[in-house]
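Read off the chains here:
Protein chains: 2
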Amino acid sequence: MTKIVIIGGVAGGASAAARARRLSEDAEILMLERGEFISFANCGLPYHVSGDITQREALLLQTPQSFKSRFNVDVRVFSEVIAVDRQRKVLTVKNLLTDEEYQESYDKLLLSPGAAPIRPPIPGIHSANTFSLRNIPDMDRILAAISVNKPKHATVVGGGFIGLEMVEALHQRGIAVTLLELSSQVMAPVDPEMANFVHQVLVQQHTDLRLNTGLTAITEIPVVVSEPDATDDYVEHPDAANHLELTLSTGEKLVTGLVILAIGVKPETVLASAAGLELGPRGGIKVDEGMRTSDPDIYAVGDAVETPDFVTAQPALIPLAGPANRQGRIAADNMLGRDEQYQRTQGTAICKVFDFAIASTGHSEKSLKRLGRAYEKVYVHPGNHAGYYPGAFPVSFKLIFDPTTGQILGGQAFGKEGVDKRIDVLAVAMRAGLKVQDLEHLELTYAPPFGSARDVINQAGMVATNIIKGDERVCHVEDVLNITEAQFLLDVRNPGELTNIGAIPGAVNIPVDQLRQRLAELPKDKEILITCQVGLRGHVAYRLLANNGFTARNLSGGYKTYHMTTAQF
Amino acid sequence: MTKIVIIGGVAGGASAAARARRLSEDAEILMLERGEFISFANCGLPYHVSGDITQREALLLQTPQSFKSRFNVDVRVFSEVIAVDRQRKVLTVKNLLTDEEYQESYDKLLLSPGAAPIRPPIPGIHSANTFSLRNIPDMDRILAAISVNKPKHATVVGGGFIGLEMVEALHQRGIAVTLLELSSQVMAPVDPEMANFVHQVLVQQHTDLRLNTGLTAITEIPVVVSEPDATDDYVEHPDAANHLELTLSTGEKLVTGLVILAIGVKPETVLASAAGLELGPRGGIKVDEGMRTSDPDIYAVGDAVETPDFVTAQPALIPLAGPANRQGRIAADNMLGRDEQYQRTQGTAICKVFDFAIASTGHSEKSLKRLGRAYEKVYVHPGNHAGYYPGAFPVSFKLIFDPTTGQILGGQAFGKEGVDKRIDVLAVAMRAGLKVQDLEHLELTYAPPFGSARDVINQAGMVATNIIKGDERVCHVEDVLNITEAQFLLDVRNPGELTNIGAIPGAVNIPVDQLRQRLAELPKDKEILITCQVGLRGHVAYRLLANNGFTARNLSGGYKTYHMTTAQF
Numbered sequence: 000m001t002k003i004v005i006i007g008g009v010a011g012g013a014s015a016a017a018r019a020r021r022l023s024e025d026a027e028i029l030m031l032e033r034g035e036f037i038s039f040a041n042c043g044l045p046y047h048v049s050g051d052i053t054q055r056e057a058l059l060l061q062t063p064q065s066f067k068s069r070f071n072v073d074v075r076v077f078s079e080v081i082a083v084d085r086q087r088k089v090l091t092v093k094n095l096l097t098d099e100e101y102q103e104s105y106d107k108l109l110l111s112p113g114a115a116p117i118r119p120p121i122p123g124i125h126s127a128n129t130f131s132l133r134n135i136p137d138m139d140r141i142l143a144a145i146s147v148n149k150p151k152h153a154t155v156v157g158g159g160f161i162g163l164e165m166v167e168a169l170h171q172r173g174i175a176v177t178l179l180e181l182s183s184q185v186m187a188p189v190d191p192e193m194a195n196f197v198h199q200v201l202v203q204q205h206t207d208l209r210l211n212t213g214l215t216a217i218t219e220i221p222v223v224v225s226e227p228d229a230t231d232d233y234v235e236h237p238d239a240a241n242h243l244e245l246t247l248s249t250g251e252k253l254v255t256g257l258v259i260l261a262i263g264v265k266p267e268t269v270l271a272s273a274a275g276l277e278l279g280p281r282g283g284i285k286v287d288e289g290m291r292t293s294d295p296d297i298y299a300v301g302d303a304v305e306t307p308d309f310v311t312a313q314p315a316l317i318p319l320a321g322p323a324n325r326q327g328r329i330a331a332d333n334m335l336g337r338d339e340q341y342q343r344t345q346g347t348a349i350c351k352v353f354d355f356a357i358a359s360t361g362h363s364e365k366s367l368k369r370l371g372r373a374y375e376k377v378y379v380h381p382g383n384h385a386g387y388y389p390g391a392f393p394v395s396f397k398l399i400f401d402p403t404t405g406q407i408l409g410g411q412a413f414g415k416e417g418v419d420k421r422i423d424v425l426a427v428a429m430r431a432g433l434k435v436q437d438l439e440h441l442e443l444t445y446a447p448p449f450g451s452a453r454d455v456i457n458q459a460g461m462v463a464t465n466i467i468k469g470d471e472r473v474c475h476v477e478d479v480l481n482i483t484e485a486q487f488l489l490d491v492r493n494p495g496e497l498t499n500i501g502a503i504p505g506a507v508n509i510p511v512d513q514l515r516q517r518l519a520e521l522p523k524d525k526e527i528l529i530t531c532q533v534g535l536r537g538h539v540a541y542r543l544l545a546n547n548g549f550t551a552r553n554l555s556g557g558y559k560t561y562h563m564t565t566a567q568f
Numbered sequence: 000m001t002k003i004v005i006i007g008g009v010a011g012g013a014s015a016a017a018r019a020r021r022l023s024e025d026a027e028i029l030m031l032e033r034g035e036f037i038s039f040a041n042c043g044l045p046y047h048v049s050g051d052i053t054q055r056e057a058l059l060l061q062t063p064q065s066f067k068s069r070f071n072v073d074v075r076v077f078s079e080v081i082a083v084d085r086q087r088k089v090l091t092v093k094n095l096l097t098d099e100e101y102q103e104s105y106d107k108l109l110l111s112p113g114a115a116p117i118r119p120p121i122p123g124i125h126s127a128n129t130f131s132l133r134n135i136p137d138m139d140r141i142l143a144a145i146s147v148n149k150p151k152h153a154t155v156v157g158g159g160f161i162g163l164e165m166v167e168a169l170h171q172r173g174i175a176v177t178l179l180e181l182s183s184q185v186m187a188p189v190d191p192e193m194a195n196f197v198h199q200v201l202v203q204q205h206t207d208l209r210l211n212t213g214l215t216a217i218t219e220i221p222v223v224v225s226e227p228d229a230t231d232d233y234v235e236h237p238d239a240a241n242h243l244e245l246t247l248s249t250g251e252k253l254v255t256g257l258v259i260l261a262i263g264v265k266p267e268t269v270l271a272s273a274a275g276l277e278l279g280p281r282g283g284i285k286v287d288e289g290m291r292t293s294d295p296d297i298y299a300v301g302d303a304v305e306t307p308d309f310v311t312a313q314p315a316l317i318p319l320a321g322p323a324n325r326q327g328r329i330a331a332d333n334m335l336g337r338d339e340q341y342q343r344t345q346g347t348a349i350c351k352v353f354d355f356a357i358a359s360t361g362h363s364e365k366s367l368k369r370l371g372r373a374y375e376k377v378y379v380h381p382g383n384h385a386g387y388y389p390g391a392f393p394v395s396f397k398l399i400f401d402p403t404t405g406q407i408l409g410g411q412a413f414g415k416e417g418v419d420k421r422i423d424v425l426a427v428a429m430r431a432g433l434k435v436q437d438l439e440h441l442e443l444t445y446a447p448p449f450g451s452a453r454d455v456i457n458q459a460g461m462v463a464t465n466i467i468k469g470d471e472r473v474c475h476v477e478d479v480l481n482i483t484e485a486q487f488l489l490d491v492r493n494p495g496e497l498t499n500i501g502a503i504p505g506a507v508n509i510p511v512d513q514l515r516q517r518l519a520e521l522p523k524d525k526e527i528l529i530t531c532q533v534g535l536r537g538h539v540a541y542r543l544l545a546n547n548g549f550t551a552r553n554l555s556g557g558y559k560t561y562h563m564t565t566a567q568f
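Chains A and B, in that order, are what the protein sequence lines are.
With numbering that gives the first Met the number 0, letter number 78 in the first sequence gets 77, and the count goes up by one each step, no holes.
With numbering that gives the first Met the number 0, letter number 460 in the second sequence gets 459, and the count goes up by one each step, no holes.
Be a bit skeptical, because a hint or two may be false.
Each pair may be met inside one copy or between any two copies, as identical chains are not told apart.
[Claimed, not checked] Calculated pairs, DSBU-like style, for lysine-lysine (alpha carbon to alpha carbon, straight line, at most 35 Å):
{"id": "1", "residue 1": "K434", "residue 2": "K468"}
{"id": "2", "residue 1": "K149", "residue 2": "K365"}
{"id": "3", "residue 1": "K468", "residue 2": "K285"}
{"id": "4", "residue 1": "K265", "residue 2": "K93"}
It should be emphasised that the hints constitute simulated quantities derived from the structure, not laboratory data.
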């Protein structure tokens, strides 16, 4: 009879426990969770803060009792493992309610400790009303602070998934929000011009967005009790400091009522380190493809481990729920004698931002540049469904690929509806080893309410294939911004579009439908950089010019991509 | 200079013309369209009838003028090709406005004639107020009939895509609708139990759904002018017969104001046949993978041609817009000397049905049975997104696969949101040659508003993989309906679910969470058929029983699949 001990009762740990029991009635399964709750919906926390999820209980997916009755798993909450004796295969467990310590043996051990929110070592970081959001108690504290202090203003530090979700949640609570982001963009997994769509949404929603701005200090502002009849009780309340003065990296000061720290997470490796388990180059627990650590009887899964990147096979930290669940299942299989492998991680992810969504899979242009890897990119902005059917809204899609082989390296999308679908389709194509040349052949569902006869993905694939086959040469915004004397910038939109939407400085306007008659106006000795609104008419113009002996390139994604690359929010 | 003549100016023809011009400035391109309109949004027609698309002009994507100015294509509408002289490479064209006939030579000819609505040879088929819906004039006629006659009741004949869209469109116009369907289900591409979801929606929306019912005759009911002051004008109006008496295959009579024939389409092959081009076994024009007919200078695309089925490679008729567009592009490439191949057709399709959607890709169980091909199937009914996030609604998903290799043979889905996404993901996986064993590893976008950490597709893949690996034996509704003395039916839901939702007759109820303690109540000498609501708890129970030495099978999709298989609407 195998005794399996699982440390951590959320995503990966809970998946592993359930799977282990399904594989074996005999195994003794013990799950130790430091906190009060197991298997809670951590991805749902911001949506209870926002009020979208009205019932807190909805987030509690399992209880120790339900896990016991369904899976015969001995679940102990408030139970922290403080030492692992790998020689004797014995754990020291501390009951956090009683401070009592005791020992538990294991045959197979699974570490699923997760990742902890980063709290930067700045003055005042432990001030009142300064929170992270990792678990149910964190959420409860934030809701209590909102309820008690009724802040009119909150500050979110960090523009990642949780930061953006909390901006929206607080906004929905009627609280004005400042978002501080140290880098020049939110949503690090996507490239700046795609993040700029999100910046635009945030500003439209009256978020005080401060890019390139960090938090350097937090100071509690003493409550001045001006009313003579104010009760002592109120003044002495530990949360009474309901105003905080923030010092920003710009030197500015900001008074706020609530601070949410959402800078990022770091893998919880203290126990693993202390036990002498190997860590990887990114600071996570090192595991093989069977989720085994450097000790063959100890497995690890979830946000605490490094898994190989899909494209480079290099170790990466991917703190996402889907991978954690899959890893838990695989670890359980292998602890019970099977041989299952976790596959490489693409990092497919999505974030809702008000009525919009931003999503990505695979590598960004930024990360490929860092790796020094050759790539090409195309942008398309087609509607999420047939343009003539009501409610169509563009999906702005960036496809990144190997310019020689057509290997799919990554993709990013922004829009209202259908963003998830397009990134899912691309993620599957990428994982299956399809090339961009295959994308135009994908047969996707089409009816006017759902898509187009040539879907976003088909279209992006066609554009990329045109480049690979030499049917189109593209240029990008950086080329247009650095235009030379040997180049000529041609805008083939209708004049009204230039006036009403905007235009790239210096562009000469000849509408595409007049181009065939007006070729004489174009220089034969210069390279013609063509732009239109989204790149489609530019492609028609490109082919027309190329077939007439001109040297030309088409601006991928057209003026819309130019605008989102250059706009400042 | 190549002279390309294209017969038919919609989907495939228009795509080919635009592509041909992009490839060559020199080619002479002539497009001959029998009707008044080119490149109109034929998929949008029902949505203008419904009023969703308010502007008729929105359906007219291109005009002869716009095609001329952008693509330098000579477009002639009202121009019917009545003969092809393949020896001389000369067409006889008839101007339908003047009845004048003239000849046009070609170097390369493309046939894109489409498919014509089937009008069954029944008495009265040419009655007033009896319409098909193929093009803009058809739509105009339907709208005029609605406007003039103000029918209170309409009858749609045929429950395919157009039939279902027209049921909804007419309902939205405030017209009561009877839907006649000769077979036992609507939506032929899906299996009966999946079509039953649609039947349920139709009945909930007060559609008078008559399955297994055909139309055998239409009789115009003379208008009885009872008012003495009725004007002669009104009585003599050609559409005055605003009541029709329908005779049904059941012998019943039905009085209706409007009949929409949506029985299906047949490829337009008159011209191709007359020209001596080979037809295929399904009655469409035979083409090779380069879209060439049996005459190397004549190409054909779209609803008129047969293309190879993705799974069987056998010729199939797939009258869908996406394939037509892709084929047009490929034909243009090859007419101009390239070597492009159309890939096999999966028949991926979707239909909106009121607030719901039904979609499929690949083969149905029905068609695999007809082919005598071995398959297994699984059903799952997970939410379209995290259950704790508001608005979750199940996606009922049927995955059909090869039980030995795991090859994906097809999939069907019904639900509200996210049906298109799941079928798209499956279609890509299928096309890429992934197996069901790969589906659990797909890394799809997840945040609570969009999906689940284990998405519908991951979950279906896990269930299928469990079967292939021998981790689960499943049974199906047909097994439960034909239960033997050697079998025992166990329902592991909670008692309240059986009472409130319904239960399979004869099932013994032991809730899954009590099962471990109540094993003694189960027979060791019988095969235990397990059911729960959707199959998840049944799986837990299956593993528990199997690990305790029982012989068992789990009903795939649980009571929900049972109900949708057996319910009568």
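Structure-based check of each hint:
In this assembly of identical chains, K434 and K468 lie within 35 Å of each other by CA distance both inside one copy and across copies; the values are 13 Å within and 30 Å between. Taking the shortest alpha-carbon separations for K149 and K365, neither the intra-copy value of 41 Å nor the inter-copy value of 61 Å comes in at or below 35 Å. Proximity of K468 to K285 under the C-alpha cut-off of 35 Å is restricted to the inter-copy arrangement: shortest distance 29 Å between copies versus 42 Å within a copy. Proximity of K265 to K93 under the C-alpha cut-off of 35 Å is restricted to the intra-copy arrangement: shortest distance 23 Å within a copy versus 75 Å between copies.
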